[in-house]
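> Sequences and hints are given; from them, build the entire structure.
In our numbering, the protein residues as written are 1 to 165.
Hint data in this document are derived by calculation from the structure and do not stem from the laboratory. In this text, a Cβ means the ideal position worked out from N, Cα and C, and glycines have one as well. Check the hints yourself; a few may be wrong.
Stated by the list, open to error - Simulated restraints, written as ranges between beta carbons of each label pair:
1) Ser151 - Phe27: 34 to 42 Å
2) Val43 - Glu129: 41 to 49 Å
3) Val43 - Ile161: 39 to 47 Å
4) Gly33 - Leu140: 51 to 59 Å
5) Ile3 - Asp124: 38 to 46 Å
6) Lys67 - Pro31: 33 to 41 Å
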Amino acid sequence: LGINMDSKGSYANHIDNRINACRRSIFSLEPIGMAYPGLSTDVKSHLWRSIGAPTLLYGTDSIFLNKKQLSELSSTQGCIVKKVTGFSKRSHHTALLKALDVPSISDVIKKNTCNLMKRIMQTDTPTRELQARLLSRYILTGKCSKGTLISRISDMGLSLIDVCF
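Below is the structure:
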């Protein structure tokens with residue numbers, strides 16, 4: 001499905017591939033004005049949200065990311081947005097991203113993970129059966145298997161019932 005996992009169960013290669021693909025996709029838009037000064041900031045922000053972020057975050061809704069990987073993704077987002085808007089690479093990107101209405105990486109991953117679970121539960125597939133069994137086990141015992149969508153959503157502090165249904 002396009003998600004790379006190494007023999008140790010790490011997704012570091014996948015994250016590196018996503019970062020490289022994101023950089024290529026955004027910087028391939030330089031000829032149309034994505035480089036500074038170029039297009040207006042609103043257009044650049046829209047292009048980031050519609051092309052850059054989805055390319056960067058492909059597959060992250062279904063895998064476990066550690067804090068280092070989340071930080072690397074966030075840093076990549078900040079660096080690319082600063083570069084295309086003409087800000088110094090040493091400037092802080094939190095306020096810039098907020099001003100451009102660009103959501104944080106963790107918020108996007110949270111939203112995408114919830115949407116994935118909701119779509120799984122709406123389709124009659126073996127995956128839904130598996131998720132339903134894991135959900136019922138969680139409801140009955142309070143336990144969930146580490147690394148599952150159920151555990152990820154639970155760790156986010158969200159209501160599994162609200163997300164699934």
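> Hint says 51 to 59 Å; check whether the CB-CB distance for Gly33 and Leu140 agrees.
Since Gly33 and Leu140 have Cβ atoms about 56 Å apart, the given range 51 to 59 Å holds.
> With 38 to 46 Å as the target window, see if Ile3 and Asp124 comply at their CB atoms.
24 Å, violated
> Range first: 34 to 42 Å. Now tell me if the beta carbons of Ser151 and Phe27 are that far apart.
36 Å, holds
> Mind checking the hinted window 41 to 49 Å against the Cβ distance between Val43 and Glu129?
44 Å, holds
> Between Val43 and Ile161, does the beta-carbon spacing fit 39 to 47 Å?
40 Å, holds
> Tell me if the beta carbons of Lys67 and Pro31 are separated by a distance inside 33 to 41 Å.
Holds, since Lys67 and Pro31 (Cβ atoms, about 37 Å apart) stay within the stated range.
Comparing the model with each earlier hint shows a violation of hint 5 alone; every other hint is respected.
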